[in-house]
Amino acid sequence: MTKQHELMVTAGSLQECAAYMDAGASELLIGDACYGIRMPGYFSDSDIREAVRLGQARNVKVMMSMTNIMTNDMLRLLPDYILFLKDAGVHAVEYSDPSVLAAVKTYAPEIRLHWNGEMMSTNYATANYWGRKGASRVAAAKELSMDEILELKQHLEIEAQVQVHGMTNMYHSKRRLVESYMIHQGRPVKNGSLDKDRGLFLVEADRVQEKYPIFEDEHGTHIMSSDDICILEDLHLLLQAGIESFKIDGFMKPVSYNTAVIKAYRSAIDAYTADPGKYKFREEWLDMIRELQDPERELTFGFFYKEQVY
Amino acid sequence: MEEVLSKPIYRGKRVRLEKPELLAPAGNLEKLKFAIHYGADAVYIGGQKYGLRSNADNFTFEEMREGVEFAKKYGAKVFVATNIYVHNEDIDGIEQYLRSLNDAGISAIIAADPAIIEVAQRAVPLLEVHLSTQQSTLNWQAVKFWKDEGLPRVVLGREASLEEIAEIKNNVEIEIEAFIHGAMCSSISGRCVLSNHFTDRDSNRGGCCQSCRWKYDLFEDGRDREEESDMAMQPAALKPGITQLPLFEEEDHAFTMGSKDLCMLEHIPDLIEVGIDSFKIEGRMKSIHYVATVVNVYRQAIDAYFEDPDHYVLKPEWLDDLHKAANRPLNTGFFYDIPDHEDHIYEPEEKAAPYDFAGLVLEYDEATQTAVIQQRNFFKQGQEIEFFGPKGAFFKQTVHEMWDEEGQPLEAARHPLQRIRMKVDQPVAYFDMLRRKH
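In the order they appear, the protein sequences are chains A and B. The working numbering applies: residue 1 is where the first sequence begins, and numbers increase by one. The working numbering applies: residue 1 is where the second sequence begins, and numbers increase by one.
Chain A on its own, in the form it takes in the complex (with noise of 0.2 Å):
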């Protein structure tokens, strides 16, 4: 046996919980609705202790995501939720934002805490940093080249976590564009909302193929890519390097399609862990994938393998 590797999964619902689990997770990162973002649905306090004990009958660990760009007014309920967050039995927090770090070590030291600072983990110097403030675990940035995240991984003092499938965030204001575009044109929306369930979509001219959803709620407007990344061909690569945490983020998918992709994960990484010397990847392992994927949205390696210049 080698080492453990966890497959997290974003989960919006307890059903989602249940479903995930089932299909393999063995971690579950969920968030509320004012500290999280961009999740794919929003717990209830009473789902967090749900979900919890759902997650500890299984041995899966329940993580809540707080990545929210922190404002004043949201720093005043801090203390209280994170005393709750413990109380719920809740086994790490995701954080960004230095408050949330220190709130959760001045109420809270015995929740892990993990670091994803988006846009911003793209480097191992400021990872061990972050460990030596306290977070066990780096969440790398999506825009990492493999190489990056194997280097990375090398000088890591804590964990690493790497998003191995699904969509990833492009740009994040606290601009009401969608609606103000509207109002701009004269057609303001009058009921309704512009959230991820609306469907909507951006297109550029020189890009016509690509759809990038952008929505908007009541942290901003967010765009999304048009691909969604897959990198299960080239999976054993991460699996050797050791990386800690595998990512599917479920954001804006389907239970079914999210389930395939767990299943098809955890196929892939029980393979390896049974005998990294005979592990091979399985075409049967993607197809299950392809099967329900979007026909409007890519399989892609995202940035694993992209030359970006500067």
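It cannot be assumed that every hint is accurate.
Claimed, not checked - DSSO-like, lysine-lysine: derived pairs with alpha carbons at most 27 Å apart: (1) K3/A x K263/A; (2) K215/B x K190/A; (3) K105/A x K144/B; (4) K306/A x K144/B.
These aren't lab readings, by the way, just hints derived from the structure by calculation.
Position chain B relative to chain A; hints supplied.
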């Protein structure tokens, strides 16, 4: 006393306030000199590495030394932006680079990434570290965190409102720097990788290609939709067989994220009274004319306020001056409210500012009432030009006689950087500028 000071202070109950620093961008050595001569207390520049403007001129260490020397004469400071999100490959050179900045006499770096902050604190402890806006700091606990880490100053995210800034100032004793003028990321700073996706250029290492100002079409997915959309226009066949519902009509402006530029000139008292310690102007890529004009207008406004806070009024000519150099519509960002439909640029943009920087005054000869001008843009006899200097625009005149260096009469100034002697109606001085409406 301490408590009174730390609360937002309104007119009539004012206690002594510190004059804020006016911090200006300087894309190159010449811009640095103009920014400082026209009234900046400090400038921020980019070096050859670790900055977010890989297209800008950027300073060599030699130029930095010269810039620092120049600044010293005015009692001004030079900061260097080292505000990228560091990648593994960037780590090795950080210490050497920061030592060189320190040796060049730089007062502070503006950094976003702890990978740079930590090295600076260890290797060059006398070099101040200011936390960059790229950390999107909007709350006082985060500000306190960075203060406890030893940072003397935090540049807030551009989304901070005056009220939020007041709360931060009330809770943490630290220098707060805020953008008060210039172009703005419409995203939360750093939370944008549009360039990475569209063009494989890393926006957070200086490769931003301003994709937020591109034009987009907004659609609603028509698949699986049973009820009729209340927003969509006619279905469009973007791809065969799939229903895309456009949320715009043929003649509509396209969707964009592009923001109007920030301008807080009309709200100087609010900025001072809330206690912002450093007023930051954006624009390392902007022209000398722009930097000199914008810096100068804010210099005059701040000084006028401190001369007599109770009778401070905005002078219309300051706004006029600003508009001579500005090329985008202006707004107040997030200071008072979240920007709305009037705060974004849907119309085609006017590219050029209404005025050109036509020439720079090098010398003035009182006896002959002539000046030696370095040509910066075309002008000719009979045209109206305007002189402005560190005290603002001070007179207009028609271009009369001009001569080249050999004393040959000139009808027009055609050659870049040519030295031209011309008759001037009023005394002028080195560093004064000529501008001309196009």
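Verification of the supplied hints:
{"no.": "1", "hint": "K3/A x K263/A", "in the structure": "20 Å, holds"}
{"no.": "2", "hint": "K215/B x K190/A", "in the structure": "24 Å, holds"}
{"no.": "3", "hint": "K105/A x K144/B", "in the structure": "15 Å, holds"}
{"no.": "4", "hint": "K306/A x K144/B", "in the structure": "38 Å, violated"}
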